[in-house]
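Here the protein sequences come in this chain order: A and B.
In case it helps, the working numbering puts the first sequence at residues 1 to 115.
In case it helps, the working numbering puts the second sequence at residues 1 to 116.
Worth double-checking, as some hints may not be accurate.
Unchecked claim - In silico lysine to any residue, SDA-like type, Cα no more than 20 Å apart, as pairs:
# : chain 1 : residue 1 : chain 2 : residue 2
1 : A       : Lys-70    : A       : Glu-59
2 : A       : Lys-38    : B       : Arg-9
3 : A       : Lys-38    : B       : Thr-38
4 : A       : Lys-102   : B       : Ala-53
5 : A       : Lys-38    : B       : Glu-44
6 : B       : Lys-57    : B       : Arg-9
7 : B       : Lys-57    : B       : Val-19
8 : A       : Lys-3     : A       : Thr-72
Hints in this document: simulated from the structure, not taken from any laboratory.
Model, not experiment: these values are computed from the prediction.
Here is what each chain is made of, one letter per residue.
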Amino acid sequence: AQKVTQAQTEISVVEKEDVTLDCVYETRDTTYYLFWYKQPPSGELVFLIRRNSFDEQNEISGRYSWNFQKSTSSFNFTITASQVVDSAVYFCALIATGTASKLTFGTGTRLQVTL
Amino acid sequence: DTGVSQDPRHKITKRGQNVTFRCDPISEHNRLYWYRQTLGQGPEFLTYFQNEAQLEKSRLLSDRFSAERPKGSFSTLEIQRTEQGDSAMYLCASSLLAGGGLETQYFGPGTRLLVL
């Protein structure tokens, strides 16, 4: 069985602060994929990034960066110089091969960015 | 806008009534997924289609739930004899499975159901 844990239920930061959202996953499969989605108040899940288990290279996209470490089964997400528009619930998710592309989501981290 | 669309966006119904939701995937996407999200939780997989074939159903999907994708394009999710526990956001996602590798699922805005 697959499991994704996002221990941080809610984080509040002041604009321009950096913030890291933690994600820890469990799977017995050696091939799997990890995702981050953003859910703004409108409700729609917005795809941010995906990573496969063979690619541990960290990635940066603008103010967003992701740190994938298989040794600790973690796939953390950092927002640099946060902005009010970053306020949303962020979900980490996992697909293990052989699970018919079913996403297993964590419970999400609500990020509140204030002025 | 060529993203995933869902209708209605909100639905309020009385316990015992039947409801039907519609999802229109991104054009040419051959896979379509349904998820359910309750308050404070992440989405949970319900079922998925590849073209018109329903390939997997979660045990969360009781006999009161049925989903169809008759022509491999839009899909409907029907809940019969609704219960208060059915109150949730129902999310639809679509993806294009082409060749090897894993596809990315793109989500619609969801249908929020409230059963009174």
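* Asked: Which of the numbered hints above does this structure break?
  -> Of the numbered hints given earlier, the structure breaks just one, which is hint 6.
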